[in-house]
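Could you slot chain B onto chain A? The hints should help.
In the order they appear, the protein sequences are chains A and B.
Residue 115 in this note's numbering sits at position 115 of the first sequence, and the numbers go up by one each step.
Residue 106 in this note's numbering sits at position 106 of the second sequence, and the numbers go up by one each step.
Keep in mind that the hints are not guaranteed to be accurate.
Heads up, simulated SDA-like pairs for lysine to any residue below, C-alpha to C-alpha not over 20 Å straight-line [as the list claims (entries may be wrong)]:
hint: 1; chain 1: B; residue 1: K71; chain 2: A; residue 2: R12
hint: 2; chain 1: B; residue 1: K15; chain 2: A; residue 2: R263
hint: 3; chain 1: B; residue 1: K129; chain 2: A; residue 2: M2
hint: 4; chain 1: B; residue 1: K66; chain 2: B; residue 2: G21
hint: 5; chain 1: B; residue 1: K71; chain 2: A; residue 2: L3
hint: 6; chain 1: B; residue 1: K127; chain 2: A; residue 2: R12
hint: 7; chain 1: B; residue 1: K71; chain 2: A; residue 2: S116
hint: 8; chain 1: B; residue 1: K71; chain 2: A; residue 2: M2
Covered by chain B, per the in silico footprint, the following chain A stretches (three or more residues, Cβ under 8 Å) [claimed, not checked]:
hint: 9; region: 3-14
hint: 10; region: 101-110
Read the hints as simulated data drawn from the structure, not as lab findings.
Just so we're clear, the structure is a prediction, and the values are computed from it rather than from any experiment.
Backbone N, C-alpha and C fix where the C-beta goes; we use that ideal spot for every residue, glycine too.
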Amino acid sequence: MMLNLLRRLAARHALFLAVSVILLGWFEYLICALVSTVDISGAAGQIIKSLPPSLRSMLGEEFLGGLTTRGILAFGWNHPIALALGAAIAIVLATRGIAGEIESGAMELLLSQPLSRMNYFAAHVGFAMLALAMLSLSGLLGTAMGQHVFDLKAFATGDLFKLVFNFLLLQSAWFGITLLLSVFGRERGRVASAAFFLALISYLVQVIGRLWPAAAFLLPFSLYTYYSPQALLVESQPVGNSLIILFSAIAVSLGFAAWHFQRRDIP
Amino acid sequence: MLSLQVNNLTKSYGKLRALKGVSFSVEAGEVFGYLGPNGAGKTTTLRIILGLVYANSGELRLLGEKIGRAKCRQAIGFLPGEFNLYGDMTGLAVLDYFARFRPARPPALRDRLLHAFDVQPAVLSRKIKFLSHGTKQKIGLIIAMQHDPDLLLLDEPTTGLDPLVQQAFREIVVDFASRGKTVLFSSHVLSEVEALCGRVAILRRGEMVAVESIEHLRHKMVRRLQARFRGAAPEDLSNTPGVTRAQISGSEAVLWVQGDVNPILRRLAQTNLENFVFPEPELEDIFLSYYRGGENHDA
Chain A
1 MMLNLLRRLA ARHALFLAVS VILLGWFEYL ICALVSTVDI SGAAGQIIKS
51 LPPSLRSMLG EEFLGGLTTR GILAFGWNHP IALALGAAIA IVLATRGIAG
101 EIESGAMELL LSQPLSRMNY FAAHVGFAML ALAMLSLSGL LGTAMGQHVF
151 DLKAFATGDL FKLVFNFLLL QSAWFGITLL LSVFGRERGR VASAAFFLAL
201 ISYLVQVIGR LWPAAAFLLP FSLYTYYSPQ ALLVESQPVG NSLIILFSAI
251 AVSLGFAAWH FQRRDIP
Chain B
1 MLSLQVNNLT KSYGKLRALK GVSFSVEAGE VFGYLGPNGA GKTTTLRIIL
51 GLVYANSGEL RLLGEKIGRA KCRQAIGFLP GEFNLYGDMT GLAVLDYFAR
101 FRPARPPALR DRLLHAFDVQ PAVLSRKIKF LSHGTKQKIG LIIAMQHDPD
151 LLLLDEPTTG LDPLVQQAFR EIVVDFASRG KTVLFSSHVL SEVEALCGRV
201 AILRRGEMVA VESIEHLRHK MVRRLQARFR GAAPEDLSNT PGVTRAQISG
251 SEAVLWVQGD VNPILRRLAQ TNLENFVFPE PELEDIFLSY YRGGENHDA
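Next comes chain A alone, as it looks inside the complex (with noise of 0.2 Å):
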């Protein structure tokens, strides 16, 4: 029963996930084509000068690593491309899965099957992970081929398989946070809007508490203050208590919207 579940979900998402896993491999490997025939840190390094220096040194650590070809290189793990390719996955998988179902009629027949809810919700959460996973691995392979092809000086691999962990976490994160809202909806459309609202919020939180030390406070409620691929491979800064934050809000919201799936009336 979840192989004819997982089947299906592959034919109905085939193109689309095709679509995004090369896109976000040929992205990483043009970032290092990139970094290897143009001098970008140098022409970033005259943007950055003329800056006031405060706002100075934070673009330099915080976004570019410094302005080295390793902080670049990394900087295309964080770059709004990859977080959104990540996230448009994460919402569309998500979103097609229950309340999309619900708005189009096909649930009530589905579930009419003896298929349990709860087979179905593995199936879809399944899914995703094996989704997100291949467009993590895809980018990871984007970058190692990069490396390669343009002799970079290439990141300890441990490193590169960890920011890939980091990134899939992230990713599974909003997947998470979108089902849950999509076992409370039975509207694709906004769940959607719901999510992607949310995505952006938490990005720009996290983009202004870095930028405004005032705002800082707000660091710890953005998903994405927990994905740092310039702190992991640029300065080698331990990633622990972010992974568990992020595995942690995964589990919470997936927990919850089993929880509420299994006991909710399917209209």
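Chain B in isolation, oriented as in the chain A frame:
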């Protein structure tokens, strides 16, 4: 043997009480009609039987066992009133997809149903989104019936079907019942209910108004007869046995007739009648006959 037992089912959505103590039972081999106007609670009852909606109180038993776990639905076939199949799949892929949820009950009736509903292989190879409403309804019926369920729940099953296919559907339902299967369906087509059902339940605003045999229902049925006369309409038409109400205006009369129609037809034959219309009764007329009386009947 009782196939389905519904005892004192209650369901509220916030302040709205959708079902208030609904009880009925259906025997194995019975075709049972579930009637009521929109919002009466028919679909809510079906959804509770399927575990899609949770009742606040009450009990459901299928073949003597409590309904609850997913495996109970192995033996149930269901056609929702409004449903949407996956538009990106072909008709055949959809049938296979739903069949795979019941590995223990292969789609033994599929070929027969495809033939009876005149669904050609070329139609099955097209994507659902390109099929007509009627064809989607046929595929929905095949999904519900292909595994030869013991209990068939159908919500307005003949919507969008042409008369030939409706006839085929009736034959299939009769065959189901003759093999000891139970069919419970809601419908607004009275001729269909009359042709198929042994008993009907009538629901109004979440309350069971009556559970009647179809013969009793026919007897209670109030039909509307319109007559035009050459000259003034006879004033004494309302005194004819069976006429419960009459509106007479000049040469025209509208009569509401309950039970045996022979007395009024004989009376009309004695008049200078120009034309008359005696349409098939609508379900609304039946509902009115029950609702006005405000009685509860249990057959």
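query: Hint by hint, which ones does this structure get wrong, listed from lowest number up?
result: 1 and 3
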